[in-house]
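Protein chains in written order, with our numbering: chain X, 392 to 632; chain Z, 392 to 632.
It should be emphasised that the hints constitute simulated quantities derived from the structure, not laboratory data. The reader is advised that the hints may include incorrect statements.
[What the hints assert, rightly or not] Okay, derived cross-link-like pairs now, EDC-like style, lysine to aspartate or glutamate, Cα gap no bigger than 20 Å in a straight line:
(1) K567(X) <-> E484(Z)
(2) K532(Z) <-> E570(X)
(3) K513(Z) <-> D625(Z)
[Said to hold, decoys possible] Over the 10 Å line for every Cβ pair with chain Z, so calculated as not near, a few chain X residues:
(4) E471
(5) E472
(6) K478
(7) K498
(8) K532
[What the hints assert, rightly or not] One side only, chain X facing chain Z, incomplete, derived with CB under 7 Å:
(9) V504
(10) D539
(11) I541
(12) Y563
(13) L564
(14) P568
(15) E569
Quick caveat: nothing in here was measured; it's all calculated off a predicted structure. Even for Gly, the Cβ is constructed at its ideal location relative to N, Cα and C.
Spelled out, the chains give:
There are 2 protein chains.
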Amino acid sequence: MKPELANVKALVFDIFGTVVDWRASVIAEGVAWGKAKDLNIDWAEFADRWRLGYKPAMDKVRKGEIPWTRLDDIHRMILEEVLKEFKIAGLTEEEKVSWTHVWRRLKPWPDSVEGLTRLKKKYVIAPLSNGNIALMTELSKFGGLPWDAILGAELVRHYKPDREVYVSAYYYLDLKPEEVMMCAAHASDLQAARSNGLRTGCSFIAPEFGSGPIGVLDRASSADFDLVSASIIDLAQQMGA
Amino acid sequence: MKPELANVKALVFDIFGTVVDWRASVIAEGVAWGKAKDLNIDWAEFADRWRLGYKPAMDKVRKGEIPWTRLDDIHRMILEEVLKEFKIAGLTEEEKVSWTHVWRRLKPWPDSVEGLTRLKKKYVIAPLSNGNIALMTELSKFGGLPWDAILGAELVRHYKPDREVYVSAYYYLDLKPEEVMMCAAHASDLQAARSNGLRTGCSFIAPEFGSGPIGVLDRASSADFDLVSASIIDLAQQMGA
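Whenever a hint applies, use it, and build me the whole structure from the sequences.
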């Protein structure tokens, strides 16, 4: 282990794309639901369109154009647009709620539970996601993710990459910035964490698990971070857990 | 199960006295430390005095006499007073920090882990304590308490029995008030939860586990609550988990 990682006491994680496979999970529910409803939709396109609405909506909150809005509610707002664009009409309120909550039913990557379980024996582990507490809690229950606490955007009503979110990780855990390592597959998240004094661990998605077109880290930038791992199991291994 | 409990989706817990045996834990560390330091102290009295400082200090925060102060810091403030009263001098800063963090090393009652593990299979479970997030996270790791999330006072910067804390439980879990049950061994906590619309489960400490002089519920008031249990295992049993 690098000497600067010897003092790390907690690992906080990005979730969407880093710990769970949002894309395959949304597509799978779409395909099953589309069959039942006899709809002819490209569900990969549907999933990507939904996810692409995510950043602009959060940016509106970050710029103060709209008040604080939980990610569940942002997901619902974007769903309404996507349903229109894909000409899917006539959903009941119950179906819309269920669709919105597909983001609470995302499957972990195959290495996530084992890697986190190992890390938990030696470190405090928590999500540091833009997902709200209810979403993270249900998602973690669904996938068996063994967190010590749920941290993230909702506790400070700011979205990443706002500095308040990164600062909150060490504040709430009563640690120094350099005792917390942000783990993510996205360069922008890690860069923001680093500029707020956190250690950074880049966890690639192993290619055999597949990956979506959004948010996969360019391997060329990996030298910028304290640690680069091929999976969460590899991350645990490298952190001596 | 009573019909009004059929919709409960989450159980939130008081911690000190309900899930962990703060008194025996503080006494045990005092006895061990006193022997090593050759001090002649009544550690039961020391523990009770420390705990008795807790409510007045939180009340100062509740009335706005002092700004928001985390429970770890309140524990430290009271420790300084108690050390003076018991004429214990010459502690290093490190020893004072370690003493303050005795509240992060409290042993669960013998039924807590088994009862919570059963409940977790059917319900969302979380602490709703006045302890801050770092304190609750470390305490839970120390005792193996398998929470789904860490909720409580620090998320809203209010101490129980302020209504903000009870409201935050269903707000953060995205549930209705009646879908959340507050579980505690203290009548005042349950009464405040009930008056804010939560369901209430009174969990007595089984007498064979012993109990301190503070905060044990008067059995006569148990008819006021939706459920009365003899232990957390009994609570799980009654909740069909």
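Against the structure, the hints:
no.	hint	verdict
1	K567(X) <-> E484(Z)	holds (17 Å)
2	K532(Z) <-> E570(X)	holds (17 Å)
3	K513(Z) <-> D625(Z)	holds (15 Å)
4	E471	holds (19 Å)
5	E472	holds (22 Å)
6	K478	holds (30 Å)
7	K498	holds (18 Å)
8	K532	violated (6 Å)
9	V504	violated (14 Å)
10	D539	holds (5 Å)
11	I541	holds (4 Å)
12	Y563	holds (4 Å)
13	L564	holds (5 Å)
14	P568	violated (14 Å)
15	E569	violated (16 Å)
Violated hints for the displayed structure, listed by number in ascending order: 8, 9, 14, 15.
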